[in-house]
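Chains A and B, in that order, are what the protein sequence lines are. Numbering follows numbering that gives the first Met the number 0, with no gaps: position 66 of the first sequence is 65. Numbering follows numbering that gives the first Met the number 0, with no gaps: position 96 of the second sequence is 95.
Please note: incorrect hints may appear among the correct ones.
To be verified - Facing chain B, according to a computed beta carbon distance under 7 Å, are these residues of chain A, among others:
{"id": "1", "residue": "Y21"}
{"id": "2", "residue": "P26"}
{"id": "3", "residue": "G71"}
{"id": "4", "residue": "G75"}
What the hints assert, rightly or not - Selected chain A positions facing chain B (Cβ under 10 Å, derived; list incomplete):
{"id": "5", "residue": "M13"}
{"id": "6", "residue": "T17"}
{"id": "7", "residue": "D33"}
{"id": "8", "residue": "P128"}
{"id": "9", "residue": "Y134"}
Claimed, not checked - Quick list of the computed label-pair ranges, beta carbon to beta carbon:
{"id": "10", "chain 1": "A", "residue 1": "P99", "chain 2": "B", "residue 2": "L169", "range": "55 to 61 Å"}
{"id": "11", "chain 1": "B", "residue 1": "G152", "chain 2": "A", "residue 2": "W120", "range": "42 to 48 Å"}
{"id": "12", "chain 1": "A", "residue 1": "Y134", "chain 2": "B", "residue 2": "T38", "range": "32 to 38 Å"}
{"id": "13", "chain 1": "A", "residue 1": "L112", "chain 2": "B", "residue 2": "L230", "range": "41 to 47 Å"}
{"id": "14", "chain 1": "B", "residue 1": "R24", "chain 2": "A", "residue 2": "L57", "range": "35 to 41 Å"}
{"id": "15", "chain 1": "B", "residue 1": "G195", "chain 2": "A", "residue 2": "L73", "range": "30 to 36 Å"}
{"id": "16", "chain 1": "B", "residue 1": "Q164", "chain 2": "A", "residue 2": "I155", "range": "31 to 37 Å"}
{"id": "17", "chain 1": "A", "residue 1": "I155", "chain 2": "B", "residue 2": "N118", "range": "35 to 41 Å"}
{"id": "18", "chain 1": "A", "residue 1": "A124", "chain 2": "B", "residue 2": "A4", "range": "21 to 27 Å"}
Simulated from the structure, these hints should not be mistaken for laboratory data. C-beta: ideal position from N, C-alpha, C; glycine also.
As a plain string of letters, each chain reads:
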Amino acid sequence: MKKRRTGGKLWAAMLTLTLALYLTILPLSAWPLDQRPPWVVLALLFWCFAAPGRVGVLVGFFTGLLLDVLTGTLLGQNALALSVTAYLALILRPRIRIFPLWQQTFFIWLILLVERLLTLWVIGATGEPMPPLSYWTPSLIGMLLWPFMSLLLDPIERRLGAD
Amino acid sequence: MVRSALSVVTYPLQLAADQPIELIRATQVQFASTDTLRTENASLHRENLLLKARIQQFDALEAENARLRDLLGSSLDLGERVVIAEIMAVELAPYRQQVMVNKGTKSGVFIGQPVLDANAVMGQVIRATPFSSIVLLITDADHALPVEVNRNGLRTIAAGTGLSQELELLYIPKNADIKVDDLLVTSGMDGRFPAGYPVARVKTVRQDPDNPFTTVIAEPTARLDRSREVLLVWNLSETSRQQALAADAPPAGGAE
Chain A
0 MKKRRTGGKL WAAMLTLTLA LYLTILPLSA WPLDQRPPWV VLALLFWCFA
50 APGRVGVLVG FFTGLLLDVL TGTLLGQNAL ALSVTAYLAL ILRPRIRIFP
100 LWQQTFFIWL ILLVERLLTL WVIGATGEPM PPLSYWTPSL IGMLLWPFMS
150 LLLDPIERRL GAD
Chain B
0 MVRSALSVVT YPLQLAADQP IELIRATQVQ FASTDTLRTE NASLHRENLL
50 LKARIQQFDA LEAENARLRD LLGSSLDLGE RVVIAEIMAV ELAPYRQQVM
100 VNKGTKSGVF IGQPVLDANA VMGQVIRATP FSSIVLLITD ADHALPVEVN
150 RNGLRTIAAG TGLSQELELL YIPKNADIKV DDLLVTSGMD GRFPAGYPVA
200 RVKTVRQDPD NPFTTVIAEP TARLDRSREV LLVWNLSETS RQQALAADAP
250 PAGGAE
């Protein structure tokens, strides 16, 4: 019974990640691309916290590859960033989950910054033009969204029990 | 390889992202009043008449041009093949000047293919997948295009700046004959873009004391951020096309 439920979780994770990918490429001309929430990173972080046994580095890697193909960036650029994000999330999860909410949010911000930094490093290494300062805004927006996601996370974790 | 395989998986997602805009457009057409349609029809008729008149002239000029070229002993590539593609409303990487079009290697698109709109040169194909391809616009900071001034044949390079309305001309000497409003056309020296297509119009010519060259900014004549349909052009000779294909080796489906 329990196994079936976690399988359902994997499906839910896939669905959320697909939705996040869709939101990333959805054209909203009034909303510049560099000021949107980092949908994919947030969805991945959420599921790394909610189902650490199912969603991890591998899922992050393949989601990143899909994101690369979708947005036409260097193949592997987002894959690298998302793999490291997933890894950090899995490593820090036991510690972060016992923190009070504001500390959790701060750590999430750090993880989001690491993701931005890795992408920036790839951009710099391949000689692409340096992005402006607004490049960092998604990490701030993601940080502000985390408390709400954390509220969603609690019931899911409780239903599964500690694993 | 990985990219084109994965692009088949991601294509439905991109198609789905394109749908809301499609829907809005379809609704707009549905509710367009008869009055608007009538005026549009009238203006199209006028334009058609004008173009027809101009093409009569063009035929004569073309014949004359071919005759003169015969005299000079150089050949002229006539009869370019053109496919019309639509720009898909899909967000790509931020800070880059790229668009995605809905024709891919299945329609014979190849990497390095010139892309034009009704007015001028837009860019070139940098990535071709079976159903779609990505076009790098001439204003991308990574793009440079050999051009010449139409008035006097002065050759230069138009480099993108990353801004959608600006090109920068490189290595123009201080004493060069270049003026505001000069039309820049492709010179065809890259062997990739056909020669003689309009590219941009010179906007500012400035002498900066710290720059050993003249600073020249030009504005693209193509409606880079407003066009919806683009033209994909086949005009390269067979040999240079083979080179372009061999350089990046995409699957050459349905060529010519």
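Hint check: 10 Å Cβ-Cβ cutoff, M13 of chain A to chain B: Nearest chain B Cβ about 12 Å off; hint violated.
Does P128 of chain A pass the interface hint, meaning its C-beta sits closer than 10 Å to a C-beta of chain B? holds, 4 Å
Does Y21 of chain A pass the interface check with chain B, least Cβ-Cβ distance below 7 Å? holds, 6 Å
Mind checking the hinted window 41 to 47 Å against the Cβ distance between L112 of chain A and L230 of chain B? Given about 44 Å between the Cβ atoms, the range holds.
The hint says 55 to 61 Å between P99 of chain A and L169 of chain B; measuring C-beta to C-beta, is that right? holds, 56 Å
Could you check the hint for me, namely that Q164 of chain B and I155 of chain A are 31 to 37 Å apart, CB to CB? Since the Cβ atoms of Q164 of chain B and I155 of chain A sit about 48 Å apart, the hinted range of 31 to 37 Å is violated.
P26 of chain A as an interface hint toward chain B, with CB separation required under 7 Å: holds, 4 Å
Take a look at whether the Cβ-Cβ distance between G152 of chain B and W120 of chain A falls inside 42 to 48 Å. Given a distance of about 44 Å, which is inside 42 to 48 Å, the answer is holds.
Could you see if the CB distance from I155 of chain A to N118 of chain B stays within 35 to 41 Å? violated, 54 Å
Restraint satisfaction for Y134 of chain A [CB to CB of chain B, less than 10 Å]: holds, 8 Å
Interface hint outcome for G71 of chain A [beta carbon to chain B under 7 Å]: The hint holds - G71 of chain A has a Cβ within 7 Å of chain B, the shortest such distance being about 5 Å.
Under 10 Å is the threshold here; is the Cβ of D33 of chain A close enough to any Cβ of chain B for the hint to stand? holds, 5 Å
When the structure is compared with the earlier hints, violations turn up for hints 4, 5, 12, 16, 17 and for no others.
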